[in-house]
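K.L.:
Next come the chains, spelled out residue by residue.
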Amino acid sequence: MNAQLSQAAIKVTNLVKRRETKLLKSFLAISGINLEIAEGVTYGLVGPNGAGKTTTIKLLLGLLKPDGGEIKVLGKPAGEHEALRRIGFLPESPYFYSHLTGREYLTFTGQLFGMQGPALQNRIGELLHLVSMENKAEERTGTYSKGMLQRLGMAAALVNDPDLLFLDEPMSGLDPLGRMDMRKIIIALKEKGKTIFFNSHLLPDVAHLCDKVGVLSQGKLTAEDDLLSITPERNATVLEEYFLSHIEA
Amino acid sequence: MEHCAESQGQKVTAKKAGLLLPVFAIASNTFKEVSRDKVVYTFFVFAVIISFFGLALGSLSVGQDLRIILDLGMFGISTIGGIIAVFAGANLVYKELEKKTCYLIFTKPVRPWQFILGKYLGLALCLLVLIAAMAVFLALTVYIADPGQLLVFKERLLLIGASLLLTYLELLLIIAAAEFFSTFSSPIMSVVFTIAFWFIGHSTASLQDLAKLFTNSALKQIANFLYWTLPDLKTLTQTRSAIMYGQFPNSELSIYLTAYLVSYVIILLVLSAMVSEKRELP
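Going down the list, the sequences are from chains A and B.
Under our numbering, the residues of the first sequence are numbered 6 to 254, in order.
Under our numbering, the residues of the second sequence are numbered 240 to 521, in order.
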């Protein structure tokens, strides 16, 4: 039991990934990353556009296969079903089936986890309440605004009550009120002991929410520290200076 | 001991249900996606118009009104069914990749074979409903043209049903082919490949004749390879034509045709799952 508790939620060793451009030119998207994130930690991965943040998440989820190195997620190789059952994922600009209503979308997501019946419908009710989408649940997602899609995406990421949550730009497209609500949800999940891995451009959110921060630049993890050791006051300006000093020109 | 065996049995059933639930979810989602597409309704209305056009055309002919209605109606149903099978099938997998909705699926405990089978079953079910609805209109047209005796009408219904069953079996194969091509090519190329597959399927005998004509051994081998690997749909067409003239196939031929087409469908679905397994998402 103790061994299980002390286990790293994510352990990445010498991760390497090559990708191809549209002109079929190969480049090193991820170059020898090492990561170890303990259970219950909220980890923020920050970096400029094209640094490899989304590629890292895709590798951790098993959507991409690494060209080198090893990835263990919840003690299993990335993409293994036993681990995926305990993972929630909110992609950047969540992708939806525009022909489904919000409720149908969540039902579909739950069924992919093997959930069904009243247990699933109760869970969907809770989640719609959590993201304040009860009134829009019967409307097709094709009619939703970006902020509403983000909220529904968050509900879908939580449908299986995951132990580990991957959030790719969770605040993207949200208005200030929506951002505040999303922060509250993330804080509530932190309090429940969930492990959260999130990518963000928005340093104030990272400063407010994270326990640990990593800076990714040109596919390399150039810095990694406990947030409170960078800025005990969770000051976004201090974090911004830290970020700027660690990105490669 | 008995209790233990019972609990073991329950576990196996639960595991099977766990494997099938994502397939059902994906099939249901695909069914909703296709059936909520306005284009499908446009095609359906078009099929209804063709059926009623047959009624008008039949009334102009002497003694051949029913034949015209049946031929035109069956043509409309198989053509529209074919168009939907080819175009929707060619988009089955590609659309998920293009819209990145596949990220939603493959970050869940879903295996590629469950995804492929679910997409296939969803479209197959949608096509079944569509063909059944168009068949109802065709039957109605036949009844309007010649209400006659109930027994005669029942025979005509059987004729329409048996013929459409073969059409549906053929379309099941076409969906599987389109889905297979869509796992590795763009929708346009998948449509081209599927139509070529379908066309050659109706003229495989010509491939054998062609092989005999070639002097180049490589071309001869290619023609022979295509002859042996592509399905022969000629027997199916001949059987369907015979049904329209009241000659129903015997049970041996029916079983052979069904087993033949289902085997091809299974092979194509397995190949699709294998391609999806190897493929890395964009």
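Source of the hints: derived by calculation from the structure; they are not laboratory data.
Just so it is clear, CB atoms sit at the ideal spot from N, CA and C, and this is done for glycine as well.
A hint or two may mislead.
[As the list claims (entries may be wrong)] In silico BS3-like pairs for lysine-lysine, Cα to Cα no more than 27 Å straight-line:
1) A:K141 <-> B:K271
2) B:K271 <-> A:K27
3) B:K334 <-> A:K70
[What the hints assert, rightly or not] Here's a subset of chain B near chain A, in silico, CB distances under 10 Å, partners left out:
4) L260
5) N268
6) R275
7) D276
8) K347
K.L.:
The structure should be examined with respect to each hint, and the outcome stated for every one.
P.N.:
Right, here's what the structure says about each hint:
1. A:K141 <-> B:K271: Answer holds: K141 (chain A) to K271 (chain B) is near 19 Å, not above 27 Å.
2. B:K271 <-> A:K27: 34 Å, violated
3. B:K334 <-> A:K70: 22 Å, holds
4. L260: 5 Å, holds
5. N268: 5 Å, holds
6. R275: 5 Å, holds
7. D276: 8 Å, holds
8. K347: Holds, because the Cβ-Cβ distance from K347 (chain B) to chain A comes to roughly 4 Å (cut-off 10 Å).
Consistency note: the structure conflicts with earlier hint 2 alone.
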